[in-house]
Amino acid sequence: MRPFLNAVKTGFAEIKAHKMRSVLSFLAIAVGSVVFMDAFSAIFLTYERLEKQKEVSGMARLKISQNSSRSWSSPDGYVQPPSITYEDALAFRKKFPEFYMVSPSDNNWRTVLEYENRRLVASVAGVTPEWTKRDFVYTLRGRFLDWRDVEEGLRVCVLKKKAVPPPSDSATKSVRKKYDYTAGFDTLVSHQDMLGKIVKLDGITFTVIGVLEELPVSKRPITVLESMDQEKILAPVTTLVNFGIFRSHNSLDISVDTGDERNFDEALRSIENFLRVRFGDGDFFIIENQLERIRDKISSSVKASLMTISLGLLAFIAGGIGIMNVTLATVFARTREIGVRRAVGASRGDIMLQFMVEAAMLGLIGGLLGSGAGYLWGVPAKIMLGLSVNPIKPWMPLVSIFIAVLTAFLFSIYPAWVAAGLKPADALRAE
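Just so we're aligned, residue 90 is where the sequence shown starts under the working numbering, counting upward by one.
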């Protein structure tokens, strides 16, 4: 312990005696700490979002839809492929009770909504209560559809209230305005309390039992599967078929979450067998393996995060090289001091300890400065500049300081070994 304390005392004296050199060393490590903290907070945020995405969207996902291309491409003329009906969806659910989600749905992209002498275009989706099990990024006022609504074909619906879009440039606004054919519906739902109101969909009366309000972009968990669905109204799929809003021969899509990623391949084979047995030919349907899409998206996010954190590590390595250079210069500048210490009985280990502790102190002070600067850059500065803010966790500065000290320590080993290798007689003769 005594040699260590002596090394710390000598280190403070050396830092104080060579202020400019010490400040430059601090800055080299501090820059590394700032970059590392920013990169580390970014990768932590990425993993946090991925875990949230998995929770919201699930992993073991697939989608079954009608394969119209096979019939259209027949040289003998178009033959209507078999359709998945609501009864087929019930049989599917009965066959696979262990699946987490079996959500049949269909869409009508142009439905006329009438309310208080206003006629607006909206898109409507026929769903069941299982629709809420995945990718549910809303707050609900009122209630959602229940199984009684579906089984009895009740004329009830749930409306979506769009959140305020994030700031964007003029080009994005123009494109959004050009293709937003349901803007009138969004304005109506945003300015009117529609809960409990009576509306007409393609001339059929419905009661609004719930309003789904989109979460603000800042609070909305990003779903792994970025759905292209733009439905504004949700109603029981059976009701929409019974009242002709959906054609009776329309085929439903079935979104499935098997619940267990490990058994996904086995579940996929079982689904293929079910379709083959029930419809005579499984090729009439496309099974979209969404698990692969999810894995690819997660993999690309992880690669991007690792690239970011590698930049932080490179910044630390650059700071470490600076520490090594400074320590080597210190060794050659203090050659006589090393000779005197060796002559009075200091061991090679004592000499190495002295220079390694001094370097570690440079890393410690640089890490402390860098952690403070990293927090200021990561939160207040980015807020003022309008940049995306990555959360700084309390343990991140501690990790940054530890890596700064470790980097300085490791890069000082060679200069310390050089100092310890000097022979006392040669060191004493040095000017």
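These are calculated hints, taken from the structure and not from any lab test.
Quick caveat, the model's predicted, so the values are computed rather than measured.
Any given hint could be a false lead.
[Said to hold, decoys possible] Label pairs and their in silico Cβ distance ranges:
hint	residue 1	residue 2	range
1	Val-429	Pro-469	48 to 54 Å
2	Arg-365	Ser-157	17 to 23 Å
3	Arg-237	Gly-369	31 to 37 Å
4	Gly-438	Glu-350	49 to 55 Å
Idealized CB from N, CA, C, for every residue including glycine.
inquiry  = Is 48 to 54 Å respected by the C-beta to C-beta distance linking Val-429 and Pro-469?
reply    = holds (50 Å)
ask   = Do Arg-365 and Ser-157 keep their Cβ atoms within the hinted range of 17 to 23 Å?
value = Cβ of Arg-365 to Cβ of Ser-157: about 18 Å, so the range 17 to 23 Å holds.
ask   = Lying within 31 to 37 Å: is that true of the beta-carbon distance Arg-237 to Gly-369?
value = Because 34 Å falls inside the window, the suggested range holds.
message = Taking 49 to 55 Å as the stated bounds, is the beta-carbon spacing between Gly-438 and Glu-350 within them?
response = holds (53 Å)
Consistency note: the structure conflicts with none of the earlier hints.
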